[in-house]
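First to last, the protein sequences are chains F and L. Following the working numbering, the numbering of the first sequence begins with 961 at its first residue and continues without gaps. Following the working numbering, the numbering of the second sequence begins with 39 at its first residue and continues without gaps.
Simulated from the structure, these hints should not be mistaken for lab results. Incorrect hints may appear among the rest.
Stated by the list, open to error - Derived coverage of chain F by chain L (criterion: at least 3 residues anywhere in the stretch with Cβ under 8 Å from a Cβ of chain L; other residues may be distant): (1) 1035-1041; (2) 1179-1190; (3) 1249-1256.
Unchecked claim - If you want the ones that stay clear, here's a sample from chain F, every Cβ over 12 Å from chain L, calculated: (4) Lys964; (5) Glu967; (6) Ala973; (7) Val988; (8) Ala1004; (9) Asp1058; (10) Leu1095; (11) Gly1122; (12) Lys1132; (13) Arg1246; (14) Gln1296; (15) Trp1326.
C-beta: ideal position from N, C-alpha, C; glycine also.
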Amino acid sequence: PHRKMKEYICHFAQSHPSFRLPELLSLVELYGGEAEYDEEEALALASKDDETPFLRVRFPSETLIKNICSRSMTIYGIYELWGVSDTYEGLVKQMICDKEEEMRTMLIGKKWKMAVEAFGRSYSRQEQLDVMSKLKDLPLWEQGSVSMKEYDYLFGVLEDIGVRKSATDPIKRVYFGPLISYGHREAIYRYNLRSRQFLGTTSMDPELSLIAANMAQARPGSLIYDPFVGTGSFLVSCAHFGAMTMGADLDIRTTQGTGGASVLGNMRQYEFMDQFVDILLIDASRPPWRMARPFLDSIICDPPYGIRAGARKIGKREKPKWRPIPADLNAAHFPQCVQYDVPDVMRDLLTFAAKSLVMGGRLVYWLPTTPEYKDSDLPLHPCLRLVGNSLQTLTLRWGRRLITMVKVLEYDDKIHNSLAPEDEGQLTAAHGSLRSAVYWRPRRDPTSSPLASDTP
Amino acid sequence: RKTTTDPYPDLWISHMKLLTHNLLMCNNKGCNMNNYPLHIRPVQVERKEKQFNEAFMRHMLGKLEWSAIVSASKALNFVVPEEIPAEQDEPFLRTLHQVINELDVVSGALVCSNCNREYPIENGIPNMLLSEEEV
Chain F
961 PHRKMKEYIC
971 HFAQSHPSFR
981 LPELLSLVEL
991 YGGEAEYDEE
1001 EALALASKDD
1011 ETPFLRVRFP
1021 SETLIKNICS
1031 RSMTIYGIYE
1041 LWGVSDTYEG
1051 LVKQMICDKE
1061 EEMRTMLIGK
1071 KWKMAVEAFG
1081 RSYSRQEQLD
1091 VMSKLKDLPL
1101 WEQGSVSMKE
1111 YDYLFGVLED
1121 IGVRKSATDP
1131 IKRVYFGPLI
1141 SYGHREAIYR
1151 YNLRSRQFLG
1161 TTSMDPELSL
1171 IAANMAQARP
1181 GSLIYDPFVG
1191 TGSFLVSCAH
1201 FGAMTMGADL
1211 DIRTTQGTGG
1221 ASVLGNMRQY
1231 EFMDQFVDIL
1241 LIDASRPPWR
1251 MARPFLDSII
1261 CDPPYGIRAG
1271 ARKIGKREKP
1281 KWRPIPADLN
1291 AAHFPQCVQY
1301 DVPDVMRDLL
1311 TFAAKSLVMG
1321 GRLVYWLPTT
1331 PEYKDSDLPL
1341 HPCLRLVGNS
1351 LQTLTLRWGR
1361 RLITMVKVLE
1371 YDDKIHNSLA
1381 PEDEGQLTAA
1391 HGSLRSAVYW
1401 RPRRDPTSSP
1411 LASDTP
Chain L
39 RKTTTDPYPD
49 LWISHMKLLT
59 HNLLMCNNKG
69 CNMNNYPLHI
79 RPVQVERKEK
89 QFNEAFMRHM
99 LGKLEWSAIV
109 SASKALNFVV
119 PEEIPAEQDE
129 PFLRTLHQVI
139 NELDVVSGAL
149 VCSNCNREYP
159 IENGIPNMLL
169 SEEEV
């Protein structure tokens, strides 16, 4: 039986267009809900040319919307959609036709206000009043009382003007409706990197770190692991949503930090010590976790790509002057490292995820990409299904994609021990030789768009 | 390498929890049998109170290997039921919480019963790295 779905308008923040829909859908799934939207509108929403921050979505309940908004980093607000039109005259006509009863009855004895939001420009107070005067024919004004500070209802007038337009250009579209909830973007400012006690060269910007935690569905009761923990940005963002967090790294200097600060310092700063399980020294190519029973709800990480942060694993180098370590010095010996190729890093990560995640558990990780990226570059595994692939452009020469995979099949050693190349993906992947791709610039036409090959 | 004069010694002190110990095994070259659980040789252990989260305890219980909980608790002089009781009520979960969350192994080692390989725990951080000879 199809639950009765009402139509709402989602107003997304300007940053990171390709991350909007995946975050929304992850949260819809987390709360056991559903959402319907038009595919073409969703493509415009994700477009990196920043075409629009609006998406019309049908939801079955306001509770679901409030839950989603309580966690969302990409949403500014969600409003019930009362009217949409290309002109104000059209909007007024439509609402008098469809929403007359609501407008006459809903506000009796209530306080309310109207807020004008414009995508593509900002309005002064006077300009907002000028916009509102275009709606003077709505029966709305006869009911209740307008109150700026305390109000029972807030009506949004959401103007979509489009990109690179001037103040005198006509609006593309305008939406109108009562606000259901604002999003959770205030969390971003709480974890501002400037006030972070322990930073490294690879510390993640808090907005993306929190979006990633939403893709991982971090929640109270879940156990989440970062096998390349570095400075612990993901532990902080997952702990923010109540998860229990663990991390590991190859290098003691990143886990313990210098001068007394550490990953622990970060967790302490934000008062997440109750959600910090442990930090370990682990070579990700040789995980020491027992796999007889899956134990992780999510894995979230930013693996080393070998461009700046160097990808290493334990191994013996081809060096003629090597001597065995005396037994009493074994504990203090830091093992020799060899290069850990990015495709191997990814392959080991997906295998580890397939074995250690519970069913429905999620793997979330950054995959480095260049303009030569194609979908067949993606690492694959029969036990994992791809549900997110959002591009963040970093420079003209490279970017990275936040990949989200869900475990849908239990790992079986008899079947999955050795996979065919087409099951593993990463076919002649661009990220196989990142250093040269990033630092070596081929002769190319400077006017062509460097990242034209990306699709959300 | 620990600094000699540390103004915030408390900040360094991480801990290995028995929750983590329950999930670790030996992956030394050729060590395939009897490599779990690792035996704990504690040197410095602390009791630190942590917030009890019943939902997390229930969720975690299904993932734990109970026999390893029993042997690990014994190594730290803590008593737990030999088997998971039929009814997992709040007192039982609180005991479980004390065992897997509040017993902190600050230093010591994890030892493999099969190959005797030792994984040191220093400043509460287990060092599970193999040497380049062992991979």
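Open item on the list: Output the indices of the hints that this structure fails to meet, ascending.
Closed with: Hints 1, 13, 14 not satisfied by this model.
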